[in-house]
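Asker: Chain by chain, the residues:
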Amino acid sequence: MRSRMGCERVRGRLDRFADRALDPVEEALDRGHLEACGPCRVESERRLEFQGQIRDSLRGEEAGLERAIEDLLAGGRGVSSARRFRGMRGQSSLSLATAAAAIVILIGIADRVGGLPRFGPRGACVPHLEFALPQELQGVSGWLGTEADPR
Amino acid sequence: MDTSDRDLLSRVRAGDRQGLHDLVRRHSEPIWGTLRRQFHDLEDVRDVFQETWLRAFECLDGVREPERFRAWLLSIAFNLVRRHRRKNGSRREVPGDDAGLADPREEVGESLSRQETVSRIRELLEALPPRQREVVDLRLNHELSHAEIADLLGIAEESSRANYYQALRRLRSAFREERAGEERE
Chain A
1134 MRSRMGCERV
1144 RGRLDRFADR
1154 ALDPVEEALD
1164 RGHLEACGPC
1174 RVESERRLEF
1184 QGQIRDSLRG
1194 EEAGLERAIE
1204 DLLAGGRGVS
1214 SARRFRGMRG
1224 QSSLSLATAA
1234 AAIVILIGIA
1244 DRVGGLPRFG
1254 PRGACVPHLE
1264 FALPQELQGV
1274 SGWLGTEADP
1284 R
Chain B
326 MDTSDRDLLS
336 RVRAGDRQGL
346 HDLVRRHSEP
356 IWGTLRRQFH
366 DLEDVRDVFQ
376 ETWLRAFECL
386 DGVREPERFR
396 AWLLSIAFNL
406 VRRHRRKNGS
416 RREVPGDDAG
426 LADPREEVGE
436 SLSRQETVSR
446 IRELLEALPP
456 RQREVVDLRL
466 NHELSHAEIA
476 DLLGIAEESS
486 RANYYQALRR
496 LRSAFREERA
506 GEERE
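Read top to bottom, the protein sequences are chains A and B.
All you need for the numbering used here is the position in the first sequence, starting with 1, plus 1133.
All you need for the numbering used here is the position in the second sequence, starting with 1, plus 325.
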């Protein structure tokens, strides 16, 4: 049955209802109310729509994204990559350089043979790949951040 | 039908190049959106974005629950954001107090164009306290559970919920007040 108190109660916890945070009894009560009460149902739909708009706002900042993805899939090359790897010496530089090299190698091989090579026996951890670094990538500028990197 | 993350990860592990591309494409936009709100400088965003993926590629074996791949990826990204800030002192400063945000009201806009609405909501998001903005982002953008958000941010699950509901109320209220102000003009 609709009542003003019922409407206030339901509206006061609509966010929790939409978030599936109510206990089953509360949820069933509120669901029943929303089925019977047009104004509360409209309010519920408005809130869901607003949440959709918030989601769109959070996802809509695309400037630079495509370029970043392309750089990544091309093996991490890019202006920022060099900067990044310059700052990554020490504890993690070797593994990151290995990972980056592995991506280049994976993609390079995939281009030649039509697919990625299978990973080693320990699974998908890139450092376990047993590839020699191609000569053209050894000690040259750049994005691998080797000690030979002049920057 | 969309391929699940579990399937995509299996394909990547089996050496499927397209699987790798699909995985990156699926998760990059929301991750990028999150990072964009962490830094002023686009170069910082690019750095952490690339580093996040490289770390992920480095050890996909770390994914124990493939259906929670996004949460795992975000945990890498958040750690890198913190490290980047410690190192560079780069942080996107946003107002964090309650100024301009009034008590909750219940109406939201209907007549604005969607693009205009999205743009305004983005500004309102910037005015939220950082913790609330993070929780809203993780809940709505990444669709993480409050338990996952709590793990990621090192807070209690109930705190995640409280921040989320408070943020929603603030956003609705601020949006409604903006509209009311425009109608008075």
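Since the hints were made in silico from the structure, they are not lab data.
A couple of the hints might just be wrong.
[Claimed, not checked] Pairs of lysine to any residue residues, derived as SDA-like cross-links and limited to a Cα-Cα distance of at most 25 Å, are as follows: (1) K412/B x D1204/A; (2) K412/B x G1171/A; (3) K412/B x R1179/A; (4) K412/B x I480/B; (5) K412/B x G344/B; (6) K412/B x R362/B; (7) K412/B x D327/B; (8) K412/B x R389/B; (9) K412/B x I401/B.
[Unchecked claim] DEER-style ranges, computed between Cβ atoms: (10) R411/B x A1151/A: 33 to 39 Å; (11) H346/B x S1136/A: 53 to 59 Å; (12) P455/B x R1153/A: 21 to 27 Å; (13) R494/B x R1164/A: 36 to 42 Å; (14) E1182/A x S484/B: 23 to 29 Å; (15) P1172/A x G479/B: 53 to 59 Å; (16) R389/B x E1168/A: 25 to 31 Å; (17) E441/B x P1157/A: 35 to 41 Å.
Nothing here was measured: the structure is a model prediction, and the numbers come from that model.
Glycine included, every Cβ here is placed at the ideal spot set by N, Cα and C.
Asker: Against this structure, judge whether each hint is valid.
Answerer: Results for each hint:
{"no.": "1", "hint": "K412/B x D1204/A", "result": "holds, 24 Å"}
{"no.": "2", "hint": "K412/B x G1171/A", "result": "violated, 55 Å"}
{"no.": "3", "hint": "K412/B x R1179/A", "result": "violated, 43 Å"}
{"no.": "4", "hint": "K412/B x I480/B", "result": "holds, 24 Å"}
{"no.": "5", "hint": "K412/B x G344/B", "result": "violated, 34 Å"}
{"no.": "6", "hint": "K412/B x R362/B", "result": "holds, 18 Å"}
{"no.": "7", "hint": "K412/B x D327/B", "result": "violated, 39 Å"}
{"no.": "8", "hint": "K412/B x R389/B", "result": "violated, 30 Å"}
{"no.": "9", "hint": "K412/B x I401/B", "result": "holds, 16 Å"}
{"no.": "10", "hint": "R411/B x A1151/A: 33 to 39 Å", "result": "holds, 37 Å"}
{"no.": "11", "hint": "H346/B x S1136/A: 53 to 59 Å", "result": "holds, 55 Å"}
{"no.": "12", "hint": "P455/B x R1153/A: 21 to 27 Å", "result": "holds, 26 Å"}
{"no.": "13", "hint": "R494/B x R1164/A: 36 to 42 Å", "result": "violated, 22 Å"}
{"no.": "14", "hint": "E1182/A x S484/B: 23 to 29 Å", "result": "holds, 27 Å"}
{"no.": "15", "hint": "P1172/A x G479/B: 53 to 59 Å", "result": "violated, 41 Å"}
{"no.": "16", "hint": "R389/B x E1168/A: 25 to 31 Å", "result": "violated, 41 Å"}
{"no.": "17", "hint": "E441/B x P1157/A: 35 to 41 Å", "result": "holds, 40 Å"}
Hint violations for this structure: numbers 2, 3, 5, 7, 8, 13, 15 and 16, all remaining hints satisfied.
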